[in-house]
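Peer 1: Sequence:
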Amino acid sequence: MPRSEPLPAVLVGLVAVLCAGCDDPTGGTELVAPTTTQPRFSRSLDVPAPHTTPVRPTPQAPVTEPVETARRWLLAYRTRDWTDPGPAVWIDRTRPYVTGAFAAENEQARGGTRGAHWEEFVRRRCRTRVEKATGVIPPEAPRGDTGVYVQVSGIITTTCTAGEPHPDEPTSATVSVLRGPDGRWRVNQRIH
0 MPRSEPLPAV
10 LVGLVAVLCA
20 GCDDPTGGTE
30 LVAPTTTQPR
40 FSRSLDVPAP
50 HTTPVRPTPQ
60 APVTEPVETA
70 RRWLLAYRTR
80 DWTDPGPAVW
90 IDRTRPYVTG
100 AFAAENEQAR
110 GGTRGAHWEE
120 FVRRRCRTRV
130 EKATGVIPPE
140 APRGDTGVYV
150 QVSGIITTTC
160 TAGEPHPDEP
170 TSATVSVLRG
180 PDGRWRVNQR
190 IH
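Going by numbering that gives the first Met the number 0, the residue at position 178 of the sequence shown is 177; the numbering climbs one at a time, nothing skipped.
Simulated from the structure, these hints should not be mistaken for lab results. None of these values were measured; they are calculated from a predicted model. Think of the CB as a built atom: it goes at the ideal place given N, C-alpha and C, for glycine as much as any other residue. A portion of the hints provided could be inaccurate.
Restraint ranges, calculated between C-beta atoms of paired labels, are given here [as the list claims (entries may be wrong)]:
{"hint": "1", "residue 1": "162", "residue 2": "141", "range": "42 to 50 Å"}
{"hint": "2", "residue 1": "116", "residue 2": "182", "range": "15 to 23 Å"}
{"hint": "3", "residue 1": "166", "residue 2": "133", "range": "16 to 24 Å"}
{"hint": "4", "residue 1": "164", "residue 2": "82", "range": "39 to 47 Å"}
{"hint": "5", "residue 1": "104", "residue 2": "163", "range": "17 to 25 Å"}
{"hint": "6", "residue 1": "160", "residue 2": "180", "range": "20 to 28 Å"}
{"hint": "7", "residue 1": "84", "residue 2": "139", "range": "18 to 26 Å"}
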């Protein structure tokens, strides 16, 4: 007896129905105001490149809201731990939150230096975290249905088991965030 639909199409449809609204902190509410002007970004959006390097801790998947994606990117970008395999682990931590083009650009930094103070960081058993991470879409920033600029900021806190304490330091960045064909937002470029 012939089937009316191929099995793969039925499975894809079932997965789509079951996952509708997954990881959507807005409950399906659109947070970007519609506009007729589209921002112009220097790179086209593509899907993040797959990676084989294990990541600790495992980051959450990209989200459906650009400010939260940018905030999670900042947390992943500036978090360090003396138990990390090296100073370039931020490349793996940020991968779920960036486009394939930005991931490829970041990957070029992997073979670089070990970091100016990495050996001391490990010797002192330090941990760096971003506290009070926030983000905002500036009212004057160009925006559209598929792209927006987001400003993120936070306070970097470094704690070590040995040596002098580190003072907290502010951190900030302006990033372009693009919506992919899957509806998820990813950081495409760090502007500042």
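Peer 1: Look at the Cβ atoms of residue 166 and residue 133 and judge whether their distance stays inside 16 to 24 Å.
Peer 2: Distance hint for residue 166, residue 133 holds at roughly 20 Å.
Peer 1: Using the C-beta atoms of residue 164 and residue 82, is the stated range 39 to 47 Å upheld?
Peer 2: 20 Å, violated
Peer 1: Just to be sure I understand the hint, the distance between the Cβ atoms of residue 84 and residue 139 should be within 18 to 26 Å; is that true here?
Peer 2: 41 Å, violated
Peer 1: Can you tell me whether the CB distance of residue 116 to residue 182 sits inside 15 to 23 Å?
Peer 2: 40 Å, violated
Peer 1: Between residue 162 and residue 141, does the beta-carbon spacing fit 42 to 50 Å?
Peer 2: 45 Å, holds
Peer 1: Confirm or reject the claim that residue 104 and residue 163 have a C-beta distance inside 17 to 25 Å.
Peer 2: Given a distance of about 35 Å, which is not inside 17 to 25 Å, the answer is violated.
Peer 1: Note whether the CB distance of residue 160 and residue 180 lies within 20 to 28 Å or breaks it.
Peer 2: With a Cβ separation near 46 Å, residue 160 and residue 180 fall outside 20 to 28 Å, so the hint is violated.
Going through the hint list in order, the structure does not satisfy hints 2, 4, 5, 6, 7.
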